[in-house]
Structure formats: C-alpha cells, structure tokens
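**Q** So the chains spell out like this:
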Amino acid sequence: MRLALLEVADLVVHYGKALALDGVSLSVAAGELVAVLGPNGAGKSTLLKAISRAVPSAGHIVFDGRPLDDMAPHLVVAAGICHCPEGRHLFAELTVRKNLELGAYLRRDKAAIARDLEHVHALFPVLRARGAQQAATLSGGEQQMVAIGRALMGRPKLLLLDEPSVGIAHRLKIAIFAAIRQIREAGTAILLVEQDARSALGVASRAYLLEHGQIVREGLSEAFIRDDRVRRVYLGV
Amino acid sequence: MLNILVYGAVTSAVYAMLAVGFTLIFGVARVLNLAHGAFYGLGAYSCYLLTGRLGWPLLPAALVAVLFVAAFGVAMERFLVRPLRHSALAVLMITIAVGLLFEQAMYLLFGSEARNVPAFSNATWSYAGLDVSGQRLLTLGFGIVIIGLLWLFINRTRLGSAILALSQDREGALYMGIPADRIYAVVMAISAAIAAAAGVLTAPFLTVQPTMDLLPMIKAFSIVIVGGLGSIPGSILAALLLGYSETIVAYAVSPAWTEIVSLVAVLLTLILRPAGLLGKRAAF
Ligand SMILES: Nc1ncnc2c1ncn2[C@@H]1O[C@H](COP(=O)(O)OP(=O)(O)O)[C@@H](O)[C@H]1O
Ligand SMILES: [Mg+2]
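Sequences listed follow chains D and F, in order. So for the first sequence, this note's numbering puts the first residue at 1; every next one is plus one. So for the second sequence, this note's numbering puts the first residue at 1; every next one is plus one.
Take these hints with a grain of salt, some might be off.
Restraint ranges, calculated between C-beta atoms of paired labels, are given here [what the hints assert, rightly or not]:
#, chain 1, residue 1, chain 2, residue 2, range
1, F, Leu109, D, Ala114, 54 to 60 Å
2, D, Thr137, F, Arg170, 20 to 26 Å
3, D, Ser139, F, Phe120, 53 to 59 Å
4, F, Ala97, D, Asp70, 28 to 34 Å
5, F, Gln104, D, Pro39, 55 to 61 Å
In case anyone wonders, no lab produced these hints; they're calculated from the structure. All of these numbers come straight from a predicted model, not from anything done at the bench. Yeah, the Cβ is synthetic: ideal placement off N, Cα and C, and Gly gets one too.
From just these sequences and the hints, can you work out the full model?
**A** Here it is in structure tokens:
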C-alpha cells in the first residue's frame, strides 16, 4: 500500500470537559479527494482545526512523513497544509487581491506566486474583476471563492476545505464544486468537509462518516451512495 | 488665530504619536496597554540619563532611548503579557502594574524633582506676532513624519499586511501561517518606540517627573475612545479634534480648563457614539 500523505490516528480533542473528537483515525493519499460527512456538531471542523494545530489534541497526526503533533500552526502551513475554514474568515476590509496575496504569506518565490495568482484567476474569473474591491463587499459565493483561492495561494499539498458550499446560491455552488474537481485534477489532495453529502460524494473518491466525534462508516464514495443509513439520513432518499 | 493654528497642530501631533501605538496594540493583539504612558516617560528619562548623567550628545542619546524603550516593550510583551494572554483581565492588571513600577523606579532612581532634557533646537521662530520654539516645530515635523512612515509600513510591507490581517481576523491569519506572537512583538516595539519618541521630543518643554506617564496615558485613552478603539485613522482624527479643542479652550477660556476638554469628549462619545468616531475600523 502507498504511504498516505496524511495519517491521523486516535485523535482526541476536548473543549474544556466536553469531548469533541473521540479517537478519530483517517488517512488521505497524495492527490486524493476524501470527504468527511456528518451532522452539525459531529466534530468535522474540530478535526480540520486539529490537523492545522489550531486546537490542541491527543493522538498522532503524520503529514508527508513528519509528525505534526508539536508543530506550531505556521509551520504546518509551511509544511504544505492550507486550511480554508468554515465561515471563510476573510480579511474583510482588505481588497480581494490583498486577501489572495496573504495566502502566500510564507512564500518568497515571487514568480511562482504570480503564476499561482493567475491560476486562481483562471479558476474563479470573477475574482480578477473584483481584485480592487473590499472582500466584505462580495456576495457569499464570491467570498467563498476568495477563501478557496487564498488557501490555494499557499501552494498546498493538502487542502482542508470546511463547508465550502454552505449558504451559497445554487449557481455559485456548482462553480465551486467544479473548481474543487479541477484542484484535485491538478494533483492537490483535498480533505473536504461538507453538509451537502450528494455534492461531496460526487467529487470524492472515498468518504468518512463522523457522528458524535467518532468515525462510524468509511468507504468508497460509490459504497456510501448505496449505504442505506447514509441514503436515509444524509441523502434524504 | 495663528497661535491656535500652530500650537494646536503641535499638541495634535504629540497626541497622535501617543494614541496610534496605543490603538495599534489593542487592534492587533487586543491588549489594552495601560503601561503606554510609561513608555513615554521611559523615553524621556532614558534620554535624561544619557544626556544629563552620562554626558552623551543628544542625537545618539535620543536614538538609544527610543530603541531601549522598544526593547522594553518587546520584553514586557514576551515575559509579562504573553503568559497571561488567556485572560484579558490579567493582562490589564499586569500593564497597570508596569505603569506603577515605572513611577516607583523613576522616583527611587532620580527623585521626585523635575529633570531637564536638552532640546534639539533652542531657536525661536517668530512670525506675525507669534513666537514658537524650534523644538515645538520639530516635534510637529517628527510627528507627521513618524505617522507617515507608519502608514507606509503598514500598507506597503509584508509585515504590515500581517499586522492588518491579524487585526481583522485572527483565525484567518493563523491559517495563512502568520506567526501571531512574532507580529505582536513587532507591534509592541513600534508602539513603544513611537511613545518614547514623543517623550524624547516633548521632554524639553514639558516636565520630566516620575508621574509624567499619567497625563499622556489619559490622553491616549481619551483619544482612542473618541476615535474608536483599534482604529488608526480614528485616533489621528481624534488627536486633531482634542489637540485643537484644548488649544482653543486654553486661549478662549483659560489654560486651567484644558484638561476638562478630553474628559467631556470621552463622556459625549460614550453617550452618543460608544464605538467612537471611526469605531470598529481596524488599522488604517
Ligand atoms: N471553541 C469551542 N469551544 C467549546 N466547544 C466547541 C468549540 N468549538 C466546537 N465546540 C463543540 O464541539 C463539538 C464539535 O463542533 P464542530 O467541530 O464545530 O462540529 P461540526 O463542524 O461537525 O459542526 C460541538 O458540540 C461544538 O459545540
Ligand atoms: Mg463545522
């Protein structure tokens, strides 16, 4: 078996006394798109935050052969994990352009940064026209594009995407999922957290189902689509 | 008229130098630094020590004084504020403690009498019946240059973008790989250095005494409340507003009434517009 790009084992996260993740193990191979499904409050965002080292955790996280457990958050970014968080967390008063540039904060390779900016503009053409606009003035869908573009500007080996389609107009949602597919086809591994199970399973090759901080199902996307419980609860059929 | 115009500008420049650093460290690190007045006082006293006691020429003394206070600010952030950052109240208390410590230390080291710091310029500028000391004009000039440089730094440099990013969304900044602790240290250094520069520049025409940190602290605080906590344009606007109001009151009513002005401005702001004139807007 191929050595996974990301290997998470027995991850446990507490918020005070409350247990948010209860022994989660999962893996993502290089270039693979893996979905994490589950209801609100299951611990999906917490899982991504723990991988980014934004919340303390017990257990093991190995990325690209290196343990992340004691790494500072900015070194995790430098190692190649870029996080597009739930709620976007854009720099609201800065321009779209400056938001995208901040995504490349740790990089010094000016020419490659300029090329990556071109890639982001090609992926989301609307952002080129909006470059000089304050991020806060964009629509929700456009802001999500800025958030994804900003994460891509860090040149990730692994992109963490937290609910990229929540609260977004249908047309933009389609554009965002098309972009996610393109990002994966360009070779970037993605760990995708999504409420919309149907769209997520449409782009992912494998999926995990997280409930109450535990992985309760895992498998190929096709198997997930045929799974009775997943169909009933998450696909509404 | 000309009096009010020039003296108001000088006062505003000093106030702006005091307030921008105070608002910056709040906007970026959410630290309400009540030791900010101590930075100002420490700048003046360091300059006094180097020139008055050790006989240094003024220019190197002024530079070393400002750098020393910047280092003091960084050390304070690193060893006193950072370990307590989980509690805003504890941070507030430790900054008050540093302010009091400054007063006691200066009292023990240099006594309670007022000290003299030499002026860069002893010339007097006279025009149309107005006499202004060269030092005051220099203070005005430096104030404008320092704030201009701060603007360039924040808007045109990589570190400046990191400061803006942190002040607008800390979690977002974390995911960009911006090392927050390092940026806080930079901001503390800038904040302390600008306050110390104000101390060095105004020391020749104000009094250098152990309690000299209090009034600037009150001014910085008032300006930042009027301008909006965390907003640099707001604090510059409020510095002009208070600087000129005080000067007008001093001429039209009596210099004894000037200190009331900022307190009234604070009360009015808190009642009418609690977020301040440019409330909520972050740096620049
Ligand atoms: N900062 C926090 N402090 C305390 N509890 C939290 C915090 N963030 C999340 N939680 C709790 O942890 C659980 C998992 O949250 P989260 O990871 O956001 O779930 P999901 O992303 O799947 O909706 C929830 O019960 C939530 O209330
Ligand atoms: Mg979530």
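**Q** None of the hints should be skipped; say for each whether it holds.
**A** Going down the list of hints, with the structure as the test:
| no. | hint | verdict |
| --- | --- | --- |
| 1 | F:Leu109 with D:Ala114: 54 to 60 Å | 55 Å, holds |
| 2 | D:Thr137 with F:Arg170: 20 to 26 Å | 22 Å, holds |
| 3 | D:Ser139 with F:Phe120: 53 to 59 Å | 55 Å, holds |
| 4 | F:Ala97 with D:Asp70: 28 to 34 Å | 33 Å, holds |
| 5 | F:Gln104 with D:Pro39: 55 to 61 Å | 58 Å, holds |
Every hint from the earlier list agrees with this structure, and none is contradicted.
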